[in-house]
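Sequence order for the protein chains is W and A. Mapping to the numbering used here: the first sequence position 544 is 544, numbers consecutive. Mapping to the numbering used here: the second sequence position 335 is 335, numbers consecutive.
If you're looking for bench data, these hints aren't it; they were derived computationally from the structure. Mixed in with the good hints, there may be bad ones.
Stated by the list, open to error - Coverage of chain W stretches by chain A, computed from C-beta distances (three or more under 8 Å per stretch; other residues unrestricted):
1) 47 to 58
2) 62 to 70
3) 475 to 482
Nothing here was measured: the structure is a model prediction, and the numbers come from that model. All residues carry an ideal CB built from backbone N, CA and C; glycine is no exception.
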Amino acid sequence: MTNNNITLTIDGTTVTVEKGTSVLDAAKKVDIKIPTLCHHEDLCVAGNCRVCVVEEIGKKTLTASCATPATEGMNILTSSPKVRRARKDVMALLVSEHNTQCTTCYRNRNCELQTLASEYNVDNNIYLSVLKDSTIDKSSWSIEKDDSKCIRCQRCVRTCAEIQHVNALSVTEKGRDMRVSTFMHFPLNEIVCTNCGQCIIHCPTGALTERRYYDDIWEAIDNPEKHVVINTAPSVRVALGEMLGYEPGKIVTGKMVTALKKIGFDSVLDTDFTADLTIMEEGSELLDRLKRALVDKEQVALPMITSCSPGWVKFIEHMYPEHLEHLSSCKSPQQMFGAVVKTYYAEKKGIDPKNIVCVAGMPCAAKKYEANRPEMRDSGYQDVDAGLTTREIGHMIKQSGLKFEDLEDGEFDSHMGVSTGAGVIFGATGGVMEAALRTAYFIITGRPVPFKNLNILPVRGLESIKEATVKLENCLPEYKFLEGVELKVAIAHGLTNARVIMDQIVDGKSPYHFIEIMACPGGCIGGGGQPIPTTDEVRKKRMDAIYEEDMGKPIRMSHENPNIAQIYKEFLEKPLGEKSHHLLHTKYRKRKRY
Amino acid sequence: MNTNINKLEYIFSKDCDDNQVLAKALSFSNDEVIEELIKSGLRGRGGAGFPAGLKWKFTATQPGDEKYIICNADEGEPGTFKDREILTQVPKKVLNGMALCAYGTGIKKGYIYLRGEYKYLVSHLQKNIDEFHEEIKKYGIDFNIDIFLGSGAYVCGEETALIESMEGKRGEPRNKPPYPNTVGYLGKPTIVNNVETFASTMIVFRLGAENYKKLGTQDQHGSKLFSISGDSPKEGVHEIELGMSVEDFVREFGDGDTKAVQVGGVSGFCIPRKGFKNAIIGEGNPTGGSTMIFNSSRSMYNVLHNFLDFFAEESCGQCTPCRVGCQQLLKGIEAVKSGEKPKEYLDQLIKLSKTMQITSKCGLGQSVTNSFTSIVENFREEMIY
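Chain A with its partners taken away, still in its complex shape:
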């Protein structure tokens, strides 16, 4: 599948031998690898943005030998397609990142949890994994990777639901704590990182933690892949240094008539024109990298309706606020639009979305309020008339 990729800087760079980077990283001691990663400030690229090095460290220090590394390739956030590109173009970068994790933490078993819809990538990936297994032998790393194919639920991108699914159970998020770093796959300490996170660790070691940290802002370091879709002449995957304002982003990628940008996928925020100037992509919004651009021809009611319909369908359904809340928000905006409910009902729904944020079991239900509130507040008249 061809995607329009404009910038090939680090992640997709072909002029860099990833094996050399790995060899360089392996000259560090196990602990130093983790320390270097912590120093780099790399945060998870899946959406939640947890510091990757800390996650490795917490898991490495857990007692026991049986631990697991899982690469989360269940790329399901609407508007995200960067992981697919990474796995298609530079799978070795991901595998080497996992090997580095294995080296740093002493873990011997890894899995790639591949989104069911990416089944066509299996043979390509398996070929690379087979080669990879041969290559790491020479480094003396005892590490082995298997592919696990998901079955198509959005919520399985949530790490504990992913683990449940791998264990052959219904893909539903677990109660946390305990977190996977203590009780993960098969009850053992487990590191779950996004595809791009593993790939990014190779950039950290290519550039060195110091240099990597210089990229980006005070909070967000390094470069990041953005999946750009919607009303953009340049839709596709772009690697961008973190810290770009939405204004610059719209100038670069918009079609000249951008009305709103949805940053961070459906779980993220909708930034209206008046907010372009002050909003920084990746700060205060999820780091997944989905950016959807809407121009003035779009009905934000339809956009929100579409999002809510997605949530109402993709909630796992186990917890009340998410299962029922998503349905209420969807039915609620329909009722306001049709006049069945007064426009003030939107305020009730915003309150409801805040309840969902503080009472839902996992990130899915907790983040619905992001898009809901930002769209309803900024485009209220579109919701009513």
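Isolated chain W (complex conformation):
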């Protein structure tokens, strides 16, 4: 036994763990499941729900297993009569403080409190109700907060502080009045909130949910005058299955398309198409900035940073309003889609754009807010009428009564339905960068990017900040100014990591040319609109599925997408052209830090 190991006994089984391991994790190692509520593997230990208590022989009080490191010779009982009684009592207390109208709750059957209360057969009537009066905060386009369902576990608070470094939510008051609230108790739409929705996917109950729009969508579908178009983001197809009985990582693209068509969407399109379009525009913008910096010796903001993630965009607007010029002016794929659906697509189809309802199926809560940004009306109408989360789409499919697993695979509709592997990988952290490099390298040198099978592995994975350098050699005549340049790129996901990148820029020490930032850990596959639970294990599986989908695509570089060539030929003319500028690019606004 080395100094770094600890041996303890759990329910009679001896287990050796590394020093610093919690009793909870030590139990996991020998397949003993201890119930938890405030614990989440993404977050720091809180130890406040007290559901995970265990008996430590020789100690009078019970031990919170999540918050207690294993010590040598510890003798733990995880299910003694004392433990079971106490645990059930603690759960009964939580239930007594909870709005128990489970049947009408959005998280019904996907609620950790409900699951435990059911497993332990907690009697709702043991204690008096101490549920407080509260009203649901529906002020935000993205997030709803219902305090009556809050169990004060503070997972949302820790998420917002640790993963996102935004601190929109915090604990307020004490004792019986203790609750999770906002700065000065302002409504969610008036505070510094990026709408990322990470609080939602870390909430064990229905206290934090996305604002739902599917009833409006059903209404539009039922209205014969409306032409309802949905486009689905790449990360939806690798996560939707989890809502419908599949294991994480299952690709359900075909069934999803069929389901959406059967539900009654008039057209089912692929957001990957505008992901490819983003690459064309953003890649051109990067080359333009590099040229202006290197050839024209202009003061150009470099590094350039991606702008696909609306949570990230609102974050930089709040936190680094002096540095907005680093953001690419490209709209996100969702907003590009809306702008071209109500112009190009409407024209092609001969439909009056006022009768088009553009819906975006997204892994995201912030996309709802983004759709409602006042400047996003370049088509002359609100470009995107509503953003639905992966969860909402799952609910719609359930509501439709379809037997999802029996559906045939369908194909996205043509015209903005063809996409490439480059568009698909937008769903994972590093994907935009990889897609951009595939195309940019080709445009600059006329050759494919020098990585085996176009797989730029250094930009993939869940590492917090990733870096890569691509040396540009034998450039085409037009891009000779880049000859020998080592293009330095970085990728950050999660806004706490974004801060590290931004602070480098503020300090003038950023060594990069191009940076991809996604608000959510793992990128869109870990987005705030994705199925719950989302953990690193789940993120990895969804990510693997994304790359599997990429490898299966016949075309894997955005500029080779025939639909892209077509839209430029028929409509947009050229990247960064006048029409592109009008429809596909946007401006940002300075916001307050508080």
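Keeping the supplied structure of chain W fixed, place chain A upon it in accordance with the hints.
Below, chain A alone, put in the same frame as chain W:
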């Protein structure tokens, strides 16, 4: 503020030069100071009663130079007002006790965490601290004390919540372990002792550990300040040798009609008449020194209701058993009183308070059962009718 103080024996003695006591203590080596304190049997006077010398020793032996001494003057236990008297009358005794701790442990920085409501004491204390800084120079002790003013939460008397509050965070108890002696203020080893504990260390060195240990009982040594309130003609702060039975206590301090004594504040136990004879103050009950005397005109339902209302308000709210449990106990006794719940519900509530005792994160929730169970069991009919 004047308080009726009847006995000025050790802590408040004016005929003893504390600087001399300090000088005498400093003739010991660092380790000997701690050993002497351990030998004296002095336990923390804040409530939990942890042996003071051991706490010093554990912290002194931690690696690293950056460590802290904190004097817990967040006197918030209802019915306690002794620390205020000490700081008002003999602040030097506390400061010298802290200096002794600094000498014994080699710690260079100290804080007094002063209860927000004692803000009026700041100028008085600061004057004494300034003088103290001058005086200890001549002993060659490199030690400096600052005052930190609390913001008014009861739970901040709990040492880890106190530390969180000092770090500018919400005053909430931490998970333990680690204890402050390894990970305390700013993550560094920290000694948190009560005001009276520091003052008492000076008595230990004035009398010598042997003599100090002779005072009191087998378990509890020395003398102790009691904050006496309620139905007593002699309410105020009294220094009493530990080991007094409640019977003697009631004879000395009661009004002749004492029905119950709440020993150790709201976190302590309620002793009814039938228990006076066998209960020893400070044994098996918290050592904080709050003693509330109730005569037969008092409704014990109202007393308990008052306590529970206090807990429901002053729980920090982070852990389930304490936050919800306190509300349930309060609502529960109301429901039994009003007939909404049958009297047997009291038994359910006692069970709940026991759950709170074994599952709560800190001493607050863990000790609610003390007053709850002792009042409900001894005055059950008052709870029902």
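Hints, verified against the model:
1. Coverage of the region 47 to 58 of chain W by chain A holds [criterion: at least 3 residues with CB-CB distance below 8 Å; count 6].
2. Counting residues of the region 62 to 70 of chain W whose CB lies closer than 8 Å to any CB of chain A gives 5, which reaches the minimum of 3, so the coverage claim holds.
3. Counting residues of the region 475 to 482 of chain W whose beta-carbon sits less than 8 Å from any beta-carbon of chain A gives 0, not enough to reach three: the coverage restraint is violated.
Going down the numbered hints, you'll see the structure goes against just number 3.
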